[in-house]
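Peer 1: Listed below, chain by chain, are the residues.
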Amino acid sequence: MAHVFKTTAYTNLEDFVYGKALKPVVLKNGMVIGGGVLYPEINFTLPPMLITKETMSDVMRNYRDITTGICERAKELEVPGFVAEIETLPPMTENPQWGIEVCKTVVDIIKEYEAKYKIKGAVRITPNDIREGKELEHMWRGRHWDSILETFEGCAMTGADLMAIESVGGKETHDEAVMYCDISKSIFALSVLGAKDMEKLWTEIVRIGEKTGAVASGDTACGFANTAMVLADKNYIPKVFAAAVRVVSAVRSLVAFEVGAKGPHKDCGYEGVYVKAITGTPISMEGKTAACAHLSHVGNIAVCVADLWSNESIQNIKLLAGMAPVVSFEQLAYDCRLMNRAMETGDSLLLRDLHADSDSYYDPQAYVLRPDVVLEISKELVKAETHYERGKRAALLAFEHIRSAHENGKLRLDERELSWLDNLSETVENLPEDLEEFIDSVMDDCENLDPEKYDM
Amino acid sequence: MAHVFKTTAYTNLEDFVYGKALKPVVLKNGMVIGGGVLYPEINFTLPPMLITKETMSDVMRNYRDITTGICERAKELEVPGFVAEIETLPPMTENPQWGIEVCKTVVDIIKEYEAKYKIKGAVRITPNDIREGKELEHMWRGRHWDSILETFEGCAMTGADLMAIESVGGKETHDEAVMYCDISKSIFALSVLGAKDMEKLWTEIVRIGEKTGAVASGDTACGFANTAMVLADKNYIPKVFAAAVRVVSAVRSLVAFEVGAKGPHKDCGYEGVYVKAITGTPISMEGKTAACAHLSHVGNIAVCVADLWSNESIQNIKLLAGMAPVVSFEQLAYDCRLMNRAMETGDSLLLRDLHADSDSYYDPQAYVLRPDVVLEISKELVKAETHYERGKRAALLAFEHIRSAHENGKLRLDERELSWLDNLSETVENLPEDLEEFIDSVMDDCENLDPEKYDM
Amino acid sequence: MKILEDISLAIQKGKARDVKQLVMEALEMGITAQEILDKGLLDGMGKLGVRFKNNEVYVPEVLIAARALNNGTEILRERLVEEGVKPIGKVVIATVKGDLHDIGKNLVKMMLEGAGFEVVDLGTDVSEDEIIKAVQQENPQILALSALLTTTMTNQKVVIDALKEANLREKVKVMVGGAPVTQAFADEIGADGYAEDAATAAEVARSLI
Amino acid sequence: MKILEDISLAIQKGKARDVKQLVMEALEMGITAQEILDKGLLDGMGKLGVRFKNNEVYVPEVLIAARALNNGTEILRERLVEEGVKPIGKVVIATVKGDLHDIGKNLVKMMLEGAGFEVVDLGTDVSEDEIIKAVQQENPQILALSALLTTTMTNQKVVIDALKEANLREKVKVMVGGAPVTQAFADEIGADGYAEDAATAAEVARSLI
Ligand code: B12
Ligand code: B12
Ligand code: SF4
Ligand code: SF4
Ligand SMILES: [Zn+2]
Ligand SMILES: [Zn+2]
Ligand SMILES: [Zn+2]
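Chains as they are written, first to last, in the working numbering: chain V, 1 to 456; chain F, 1 to 456; chain H, 1 to 209; chain Y, 1 to 209.
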C-alpha cells in the first residue's frame, strides 16, 4: 500500500546538508550513502558508434576500458568510495542480455579492484525506459515492459547495488506541455499520468529489490524537468516555467518512495532535494561537473544537500589528458574532497551556503533549489492530500517564492520572465478543485496521449 | 638591468589569498587582475586536424566558433570578466601571420561582445616556443627567434592584452634530467641554462610590451616541471623528484620578473605561487578543472592563491552538452563564482585553507603548493644570491619541508619515495659551492646540449 | 501595403483569428495570394524568426504564430493553386532509427514551415527503408535527418548510403542535425547541409534549393 | 642455471659492471650466447618490465638496467653473429613531422630494446620522406610512429599513405601511439597496432612479428 508522506523528514535547516541523510543507505560492501561522506558518482556512455551484434565486442571493450580507467584513478586519488552508474542505451534494454552483460563487465572489474586494492565501488543500474514510440502496446504489459523488468532483475542478480530509472509515464503529454509552456498540461502529465505510472512501475522495482537484495533507489523526472531546463537554457522557454516544472516534478518522483524506494535518488533529478527533505533518504545530484552533459544554471547550488555527486554522462572519447570518463571522475573526486574536508572541520553548513548563495540570485531554477526554500516549500507541499493537489500547490509555491524573492531583490528576473510568471500563476490558480473535472478539461487537448495505454 | 628580489612581497599568510595580489594588473578594458575578483582563464586548441594553407579557413572557423561559444556563455552566466588564452601551435609561430590572424579573430569577437553586451574579456597570447629541433641555429638569433618575436609583436599590435610563453631554454638538458631523475642536471638546466635564456628572451618581451602596451605577463616552466609532474602521475618517476623540480623551476620563472614582467604568471606554471609570494604580482593557476588537459594531484590546492583560474587546454570537440571549450568555461565560471562569493562574505581564507588541506596530505607535489609552505620556502629562497644558489636551495628546502611533513604525519609518502628522498637530498647537499665547478661537473654528461647555441 | 503589414503583425502576435480576417479582406481587395503569402504571412514569420534567433521571443510564441500561419494559408490554398504558386520547397524530416528524441526535430520543422517550406514529418525512430519509401513517394528537394544519440547519429550515414543504393542520392539534398552532430561529421558522412539550431536550419535549407 | 639467474638479477638491479663480469664468466663456462641473452639478459629486462608495468620500479631504474643490458650484449655481439642469432626483430621509430615530443617515444624505444628488438630511432619531427627512406634502408619488420599533438596525429596517416605510394605498406607493420591517439584512430588510419603505454607497446610489437 502506498505510504503518502504527510510531514517532512527534515524540520531544521541546520541538519539539511550534503553527505548526510536521515535514512542513509548501506551497501553490501559497507559503503554508507548519506552517512557522512560525499562520494562521486561517475556516469559514462559510448562514443559515436552503433550497437549491434557485430559491434558488441567493441561495446564491451569500451565499458571495460572505462571501468578500468576509473578504478585506476580511484586508486591513485585514494577516493574513499564511488558509485558507477550504467544507463543502458536502447538496444541494451531491448536485448536485456546485452544490458546484463555490460553490467556484469562493470561489476566484475570493480569487485576485482575492491579485492586487490580495497577501492570501494558500487554500481547503479539504470535501464533506459523504452516504453515509447509507435510499437508500444501498453505501459504495464507487453514486450517493452517485460524487457525493462528483465533488465532490472538480471542486473541485480549479476551484482548491481542500486536500481534506478528515468521513467517516461506521461512524457508524451509533457513534451507538448513544454513546447507550449502549458502549465496545466504539465501538472496533468506529472501528477496524474506520471504518478500513476510511477506507482505501478516502482511497485515492481521494489519487489525485484526485495528478491535480489539490490536497492530500489529512485527515478528522475528527466524527460520532464530536464527537458524544460535544457530548453530554458537555450532561451527557448521561460525560466520561471522550467523552475515550476522542477518543483512539480518532485510530486511525481516522490511516488517511488511512497511505494518503498530507499534512495539514493538519481543524479539528474534535481527535484531530489525535495525528495530528501520529505523522505530523509539520500540523493545524488549533478552540477558544474556535469557541464559535459548539459550546461545549466545550477552548477554550484546543486551540491548543497547531495550525498552523491555526479557528472551525469560523458562519452568515452579522448581528451588531452586521457579518456573523458576518467577526466570527469577526477573532477568529481576533487569536488568531493573539498566538501568532505569541510565536513571534517565543521564547516559544511558554511560551504553549503556559499554554494547556494553563489547561484541563487541569477536564475529561478537555481532559486528553487536553495536548501531554505526547499524546506519551506516541502513543508507546505506535504499538507496537500492528493498528487493532483500537490502538483498544483507545487507550482503555486514555486511561483510565490520566485515572486517574493524577486520583489526582495534576492532574485533577478527580466521583464519577459515576469509577464510569464503572472500568466502562469493565474492559470494554476484557476485550475478546478476536482480531479475528474481537471482531467476532462486537459485530456482532450493531449494530441499524443493514448489513454488506453494507461487503462484510462 | 635585472632586479633580483631579495625579500618576499608577502610576509603575512593572511594576505596571501586568491583573487588579490599586491601588484594587480590593470587591463585596457578596466579589468583588474588580482584586484579582488577571481576570473576564469579559458584555453582551447584545435580538434584533430592538420594546419596548412589549405586548412587555414577551417582553422579560423574553429577559433571563431570557440570564441563565440565562450562569449555567449559568459553572457548567459554573467561572468564578471574572463581571459582567453591563445597558445599558438607550431605552424602558427613558424608563419607568424597565421598566429596573428588567429589572434585577431579572437580579439575581434571578444571586443564585439564587449561593445554589445558589456562582457569584459581579455586575450593572452602565448606563442609556442619553436626554438627546438634539428634546424635550430641559435637560441637568440636566426629564423626561430625572429618568428617568435614577430608573433609577439604582431599579436600585441592586433589587440592581445597579455603576452606569455613557455620557453624552452635548457629543456633539451632537462628532458634527460627527468628521465634519469638526475637532480643536479635539473638544477643546471633550470637555474643555469633556463635562467640565462629567460633573461635574454624576457628582456625582448618586456621591450615589446613597452612599445605596444601589451602586458609582459609570465613564463611557465612547463617543459620542465609539468613534464616531471605528468611522468610522476604515471608513476614513471618519484613524486618527491617532481615536487623538488617544481620548486627549483620557480627560480627560473622568476627571471622574467627580474627583467620587468608584470604578471599574471601563466596558468600551467604551478610554480607561480612562489612568483606571487616573492613579487606580489598576480598569477593564473589550473587545477581540477584542467583535468581535461592533464590529470594531477593538485586539483584543489592549486586555487589557493590564484588570480585567474584556468582549464589549461581542451580540444574543440563535441561533448554531449556542446563544444568542449564552452563546457570547460562553464566549469571554471562556477568555480570562480564560489570563490568570489566567499570573498564577499569574508570567508576567503577559510575556503583557501579547505582547498589546501584537502590535497596536501596525499602528495608532495601538492604539499609544496601549500600557502604556508610557499611563504616559508620563499623567505629562505630569496636569501640566496645567485640563480645557481637559489636552485640548490630550492631543492633542499623542498626536501626538508617534505621530510619534516612526513615525519609529523602531515604528508604520506611510501617507502620507495622515502629512499629517493634520501638519495636526492644527499646529491644536492654534495653539489659544489662554485658555479664554474658545478657547470664543469654536469655539462660533460649533457648529451643533447649544444653549448654554442647558448654562447657557452 | 498597410493590410499586408497588418497581416505580418498579426502573425507575429499569434492572432489566428485576426490573420484569418485580414487575409480574407486582402483577397477581396484583389491582392494576389502570392503577395499575401510572401509579404504578409511569411514576412511575419520571417520577422518573428529573427526575433527568436535573437532570444527576444520564446518557442511557444513561435508555435502559436505558426498555427496562425496555417490558418492563413488554409484560406489561400485554393487561390495559390489557381495562381500556380508552389511552396518554395518540400522537405521530408525524420529522427533516425533507434532514436526517440523529437523536440529538436519539431522545432526545425516549425522553422522550416515558417520559412515557407512544405514539410512531411515521418516522426521518430524511422528506419532507412521507411525514409527511402517516403523520398520516392514525396519527391522532396530536401531530406532532413535528426539524431540525438551518439549511438544513432551513425544512422544518418546509413540513410545516406541507402539513398545511394536506391539511386536517389542525386535527387535530394540531405541536411543533418541534432546535439551530437557537427559540421565535421556532416562532411564526413557526405551530407549537403548542417545546422546547429532550428533558425539556422531554415537558412541552410533555403540555401540548398 | 645459477649464473643465468645472477645475470638476470644484475640486470634488474642495473649493475652494469656485474653484468659484464657475469656474462664473461658464463661464456667461459661454455654457455651459448643465445642462452645468455635469452635466459640471462632479456629475462632480467622482462622481469623488470613487468615490475615497471605494475608500478614497482621507476623509469630511471629501467633506463639504468637498459644500459647494463647494452653492456652485456656488447660483449656477446661477436658470438651472437657466430652463432647466427638474430635480434627478434627490427623496429624503426620516429615522432612524426611537426611534433617535437620525444619522451613517450624514448620510453617505447627503451621497452622495445628491453624486449630484444633492435631499434633505429629517427628522432622527432621526421617527415614522411625521411621515414620512407629509412624503411627502405633498414628494412624493419615494424615501423613505430609517435605523435602527441592533435594537429600532428594526422601525419601518422600521411606516413601510412606514403608507404602505400612507395609500395612498402605490405613490407612493414605499422604501430602508432602517443597521448591523443586511440585504438579507434589507429583502426581508422589502417595501422596494424596501437598501444597505450610503453610496456604494452613491447607486447604489441611482439605480437606483430
Ligand atoms: C612534456 C610536454 C611537452 C614538452 C615536450 C618534451 C619532450 N621532449 O618530449 C614541451 C614543453 C617541449 C612541449 C611542447 C609543446 N607541447 Co606539449 N606536452 C607535454 C606534456 C606535458 C607531457 C607529454 C609527455 O611527455 N608525457 C609523458 C609520456 C611518457 O607520455 P606519452 O608521450 O603519451 O607516451 C606514452 C604513450 O602515449 C605511448 N606512446 C607514445 N608514443 C608511442 C608510439 C607508439 C608506436 C606506441 C605504440 C605507443 C606510444 O607510450 C608512452 C609511454 O607510456 C603533454 C601533456 C599531456 N597530458 O600529455 C603536453 C601536450 C602534449 N603538449 C601540448 C602542446 C600544445 C604543446 C605545444 C604546442 C605547446 C606550445 N604551445 O608551445 C608544444 C609543441 C611543440 C611541438 N612542435 O611538438 C598539448 C597538445 C595539445 C594538442 N593540440 O594536441 C599537450 C596535450 C598539453 C596540453 N594539455 O595542452 N610539450
Ligand atoms: C529531452 C531529452 C530526452 C527526452 C526526449 C524527449 C523528446 N520527445 O524528444 C527523453 C527523456 C525521452 C530522453 C530519452 C533518452 N535520452 Co535524452 N536527452 C534529452 C535532453 C535532456 C534534451 C534534448 C532536447 O530536446 N534538447 C533541446 C532541443 C531543442 O535541442 P536539439 O535536440 O539539440 O535540437 C536542436 C539542434 O540540435 C538542431 N537540430 C535537431 N535536429 C536537427 C535536424 C536537422 C536536419 C538540423 C539541420 C538541425 C537539427 O536544431 C534543434 C533546435 O535548435 C538531452 C540533453 C542535451 N544536452 O541535449 C538528452 C540526451 C540527448 N539523451 C540522452 C540519453 C542517453 C537518452 C536515453 C538513452 C536515456 C536513457 N538511458 O534512457 C533515452 C533514449 C531514448 C531514445 N531511444 O532515443 C543523452 C545522449 C547520450 C548519448 N550517448 O548520445 C543526452 C545527451 C543526455 C545526456 N547528457 O546524457 N531524452
Ligand atoms: S538528464 Fe540526462 S541522465 Fe537524466 S534522464 Fe535526462 S538524459 Fe538521462
Ligand atoms: S602544461 Fe600545458 S600549457 Fe603549460 S606548457 Fe605544458 S603543455 Fe603547454
Ligand atoms: Zn542522468
Ligand atoms: Zn545519469
Ligand atoms: Zn597552458
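Incorrect hints may have been included.
No farther apart than 25 Å at their CA atoms in a straight line, the calculated lysine to any residue pairs in the SDA-like style are these [what the hints assert, rightly or not]:
(1) K15/Y to K118/F
(2) K97/H to K53/H
(3) K118/F to D233/V
(4) K20/Y to E417/F
(5) K15/Y to M343/F
(6) K47/Y to L136/F
(7) K410/F to D233/V
(8) K134/V to K133/H
(9) K234/F to Q12/Y
(10) K234/V to I103/H
(11) K133/Y to L136/F
(12) K20/F to M343/F
(13) K234/F to K13/Y
Covered by chain F, according to a simulated footprint, are these stretches of chain V (three or more residues, beta-carbon under 8 Å) [stated by the list, open to error]:
(14) 135–141
(15) 316–323
Now the in silico label distances, taken between C-beta atoms and shown as ranges [unchecked claim]:
(16) G213/V to Y361/F: 31 to 39 Å
(17) E114/V to Y361/F: 20 to 28 Å
(18) G346/F to V32/V: 31 to 39 Å
(19) E137/V to R206/H: 40 to 48 Å
(20) G30/V to G123/H: 30 to 38 Å
(21) R17/Y to M456/F: 50 to 58 Å
(22) E114/V to M456/F: 51 to 59 Å
(23) T386/V to E56/H: 25 to 33 Å
(24) R17/Y to E407/F: 50 to 58 Å
(25) P87/Y to K211/F: 41 to 49 Å
(26) K211/F to K53/Y: 50 to 58 Å
Just so you know, these hints were derived from the structure itself, not from any lab.
Glycine included, C-beta positions come from ideal geometry on N, C-alpha and C.
Peer 1: Of all the hints given earlier, name the ones this structure violates by number, lowest first.
Peer 2: 1, 2, 4, 5, 6, 7, 14, 20, 21, 23, 24 and 25
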